[in-house]
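With these hints in hand, go ahead and build the complete structure from the sequences.
In case you want the letters, here they are:
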Amino acid sequence: MTDDATRTLGKGSIPPGPVPEGVIRLYSMRFCPYAHRTRLVLRAKGIRHEVININLRNKPEWYFTKHPFGQIPVLENSKCQLIYESVIACEYLDDAYPGRKLYPYDPYERARQKMLLELFYKVPHLTKECLVALRCGRDCGDLKLALRQEFCNLEEILGYQNTVFFGGDCISMIDYLFWPWFERLEVYGIADCVNHTPALRLWIAAMKQDPTVCSLLTDKNTFLGFLNLYFQNNPGAFDYGLSC
Amino acid sequence: MSGGSARSLGKGSVPPGPVPEGLIRVYSMRFCPYAQRTRLVLTAKGIRHEVININLKNKPEWFFKKNPSGLVPVLETSQGQLICESAITCEYLDEAYPGKKLLPGDPYEKACQKMVLESFSKVPPLILKILRTQNKEDCSGLKEELHKEITKLEEVLTDKKTTFFGGNSLSMIDYLIWPWFERLEALELNECVDHAPTLKLWMAAMKKDPTVSSLLTDVKTFQGFFNLYLQNNPEAYDYGL
Numbered sequence: 001m002t003d004d005a006t007r008t009l010g011k012g013s014i015p016p017g018p019v020p021e022g023v024i025r026l027y028s029m030r031f032c033p034y035a036h037r038t039r040l041v042l043r044a045k046g047i048r049h050e051v052i053n054i055n056l057r058n059k060p061e062w063y064f065t066k067h068p069f070g071q072i073p074v075l076e077n078s079k080c081q082l083i084y085e086s087v088i089a090c091e092y093l094d095d096a097y098p099g100r101k102l103y104p105y106d107p108y109e110r111a112r113q114k115m116l117l118e119l120f121y122k123v124p125h126l127t128k129e130c131l132v133a134l135r136c137g138r139d140c141g142d143l144k145l146a147l148r149q150e151f152c153n154l155e156e157i158l159g160y161q162n163t164v165f166f167g168g169d170c171i172s173m174i175d176y177l178f179w180p181w182f183e184r185l186e187v188y189g190i191a192d193c194v195n196h197t198p199a200l201r202l203w204i205a206a207m208k209q210d211p212t213v214c215s216l217l218t219d220k221n222t223f224l225g226f227l228n229l230y231f232q233n234n235p236g237a238f239d240y241g242l243s244c
Numbered sequence: 001m002s003g004g005s006a007r008s009l010g011k012g013s014v015p016p017g018p019v020p021e022g023l024i025r026v027y028s029m030r031f032c033p034y035a036q037r038t039r040l041v042l043t044a045k046g047i048r049h050e051v052i053n054i055n056l057k058n059k060p061e062w063f064f065k066k067n068p069s070g071l072v073p074v075l076e077t078s079q080g081q082l083i084c085e086s087a088i089t090c091e092y093l094d095e096a097y098p099g100k101k102l103l104p105g106d107p108y109e110k111a112c113q114k115m116v117l118e119s120f121s122k123v124p125p126l127i128l129k130i131l132r133t134q135n136k137e138d139c140s141g142l143k144e145e146l147h148k149e150i151t152k153l154e155e156v157l158t159d160k161k162t163t164f165f166g167g168n169s170l171s172m173i174d175y176l177i178w179p180w181f182e183r184l185e186a187l188e189l190n191e192c193v194d195h196a197p198t199l200k201l202w203m204a205a206m207k208k209d210p211t212v213s214s215l216l217t218d219v220k221t222f223q224g225f226f227n228l229y230l231q232n233n234p235e236a237y238d239y240g241l
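These protein sequence lines map, in sequence, to chains A and B.
The first sequence stops at residue 244 when you use the UniProt record's numbering, and every number in between is there.
The second sequence stops at residue 241 when you use the UniProt record's numbering, and every number in between is there.
Among the clues, some could well be false.
Quick list of in silico lysine-lysine cross-link-like pairs, DSS-like style, CA-CA up to 25 Å [unchecked claim]: (1) A:K122 to B:K65; (2) A:K208 to A:K144; (3) B:K122 to A:K128; (4) B:K160 to B:K101; (5) B:K152 to B:K122; (6) B:K161 to B:K100; (7) A:K122 to B:K129; (8) B:K220 to B:K129; (9) B:K161 to B:K122; (10) B:K160 to B:K207; (11) B:K152 to A:K59; (12) B:K207 to B:K101; (13) A:K79 to B:K161; (14) B:K65 to B:K11; (15) B:K148 to B:K160; (16) B:K122 to B:K207; (17) A:K128 to A:K208; (18) A:K101 to B:K101; (19) A:K45 to A:K79; (20) B:K101 to B:K161; (21) B:K208 to B:K45; (22) A:K79 to B:K160; (23) A:K122 to B:K122; (24) B:K57 to B:K129.
These are computed hints drawn from the structure, not numbers from a lab.
These figures come from a predicted structure and were not determined experimentally.
Written out as C-alpha cells, the structure reads:
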C-alpha cells in the first residue's frame, strides 16, 4: 500500500491547512502518469511528504488557488510556495533536497538528459490516444505504428550508448521521467509495441527491479478497475481500490 | 566580433573543422529567435565563441550530423559534444561557464523561471503563424489569441512587482522570452502590447541592456528578411550582408 492511498478531495471539500514544516505536500491522483513522476522522485530521494489526491472530474473550488487550471501534480511547501509542471517539480525536488542526486552533476550530461526528454515528448499523447481508441472500439493501427516509431528512436539511443539505463549504468532522473508510461503499456493494451525493441524491454525489466519503481507499482487489476470506471465517466474512478 | 554576420553555409559547403580549444561554437541563423536566445546568453556571460550560420532553406548535408532534426541553434564544444534545443543550450552555458549566473541559485526561484517559460510557450508558434498568415480574417483571430497570451504575461509581471521577470535585475527568463518581443514592431504587432503597460516598461528596460542592444536587429532588416522568407527565397538568411 503506497503512502498516497487516500480518498480524493472534490467539490465542497474543506481546503487543507498549511503544509507543516519539514514536509512537502503533493497534490496528485493515484493513476496519473505525470503525478507518478513526482511520486517516484519523492520516494527515490527519501523526501518526507504528504499526498492529497484530487478528484479530477469534480475538482474542489479551492484547488484552483493551487493551480490556475486545476492540473496535477502540484507541489506545495511549508513556505506556501507552489511548483507545477511535472518536470519542473521533479527538478525542483532534486535541487532543493539533499542526498542522492537524480540529475547528473556534469552540465553536458544534464543537457543530454534534457535532450532525451525532448525525444520522448510524443509518447504520452500517443499512448493516451491508443488507450482511448481501444476503449472506444476504434482501430488504432496507425497510432500504434507511430508509437512503435517513437520506441525505435529510444531503442537506438540505448543501442548507441550501450547502457542499461537512459542516463548510464545506474537509474537516474530521465528513467523515472519515462517510466510511468511504460508501466501502463500492458493495462492500456499496447504492450506489443515493444515487441521489436529488445533493449527497451531489458530497460523495462531493469526498471521493475528498482526499489523505488517497485514500491509504487500499481497492480493490473486496480488499474483496470480505475480505467473501467474512468471511461464510464464515473467520478468514483479516482478512488477505485481504496478500502472503505 | 563574434562572427554573427558571416554568410550562411548551405548544401555542398565544406564541413567545418573541430572547434578550437577555449572556444564554443554555435550553429545559428541571424534572424532565428531561438538561436538569438543562445547568442544572448553567450554574450551576457562573455563566453568566447564562434558562430556558423546555416542556410535553413538549403541545409548542408553535414549539418544533420550536428542535429538530426536540422534545427538551429546547436552548440558544439571542442570535445565534439553537441547540445540542441535553445532552452537546453542556454541552461548548459549557464552551468558550464563561470561568471555571473543567469539562473537563480535558489531552487524555487529557478522553478519559477521555468514556470514562466512554460506559460510563454504558446507565443512563439502564434507569432510564426501570424507571420505566415496572409488572410486578414485568420490573422485577426490569431492576434486576439496573442493578445490573451500577452495579457497572461502582463499579469505575471504585475504580480511580481519587479522590473524584470526574475526580479529587479535581468536574468535568464528575460533573455529567453526577449527575441519574440524584439520582433513585434517589424511584424506590426505593437498593438498586442497596447494594454500591457508593465510589459512595455520591461521592453524599454530590456532595450537598454548592453547585451540585448548589442544583438538588436533593426526593423527594416527584419522586414527585408521576412519578405524574402515568405517568398521561400534562400537568400533571405543572408539579407543585409
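Hint by hint, here is what the structure shows:
Among the hinted pairs, A:K122 with B:K65 is consistent with the structure: their alpha-carbon atoms are about 23 Å apart, no more than 25 Å. Between A:K208 and A:K144 the CA atoms are separated by roughly 23 Å; this keeps the pair inside 25 Å, and the hint holds. For the given pair, B:K122 sits about 22 Å from A:K128 by alpha-carbon distance, which is consistent with the 25 Å threshold. Distance check on the hinted pair: B:K160 and B:K101 sit about 21 Å apart at the alpha-carbon level, within 25 Å; holds.
Proximity of B:K152 to B:K122 is assessed by CA-CA distance (about 11 Å); at most 25 Å being required, the pair is judged to hold. Distance hint between B:K161 and B:K100 is fulfilled; the C-alpha atoms sit about 23 Å from each other, no more than 25 Å. Restraint check for A:K122 and B:K129: satisfied, since their Cα atoms lie roughly 22 Å apart, inside the 25 Å limit. The hinted pair formed by B:K220 and B:K129 meets the criterion: a straight-line CA distance of about 20 Å does not exceed 25 Å.
For the suggested pair B:K161 and B:K122, the alpha carbons sit about 23 Å apart, so the restraint of at most 25 Å is met. Between B:K160 and B:K207, the direct Cα distance comes to roughly 20 Å. Compliance with the 25 Å bound is thereby established for this hinted pair. Restraint check: the Cα-Cα separation between B:K152 and A:K59 comes to about 23 Å, which is no more than 25 Å; the hinted pair holds. Among the hinted pairs, B:K207 with B:K101 is consistent with the structure: their alpha-carbon atoms are about 20 Å apart, no more than 25 Å.
Proposed proximity of A:K79 and B:K161 is supported: the alpha carbons are some 19 Å apart, at most 25 Å. A threshold of 25 Å between alpha carbons decides the hint, and for B:K65 with B:K11 the separation of about 14 Å falls inside it, so the pair holds. Only pairs whose Cα atoms come within 25 Å are accepted, and B:K148 paired with B:K160 is accepted, the gap being roughly 19 Å. Among the hinted pairs, B:K122 with B:K207 is consistent with the structure: their alpha-carbon atoms are about 23 Å apart, no more than 25 Å.
Taking the CA atoms of A:K128 and A:K208, the gap is near 22 Å; set against the 25 Å cutoff, the hint holds. Distance check on the hinted pair: A:K101 and B:K101 sit about 21 Å apart at the alpha-carbon level, within 25 Å; holds. For a cut-off of 25 Å, the pair hint linking A:K45 to A:K79 stands: about 20 Å separates their Cα positions. Of the pairs offered as hints, the one joining B:K101 and B:K161 holds, with about 22 Å between alpha carbons and a cut-off of 25 Å not exceeded.
For a cut-off of 25 Å, the pair hint linking B:K208 to B:K45 stands: about 17 Å separates their Cα positions. At most 25 Å may separate the alpha-carbon atoms for a hinted pair to count; A:K79 and B:K160 meet this at roughly 17 Å. With a CA separation close to 17 Å, the supplied pair A:K122 and B:K122 stays within the 25 Å bound. Between B:K57 and B:K129 the CA atoms are separated by roughly 18 Å; this keeps the pair inside 25 Å, and the hint holds.
Hint check: no violations occur; every hint is consistent with the structure.
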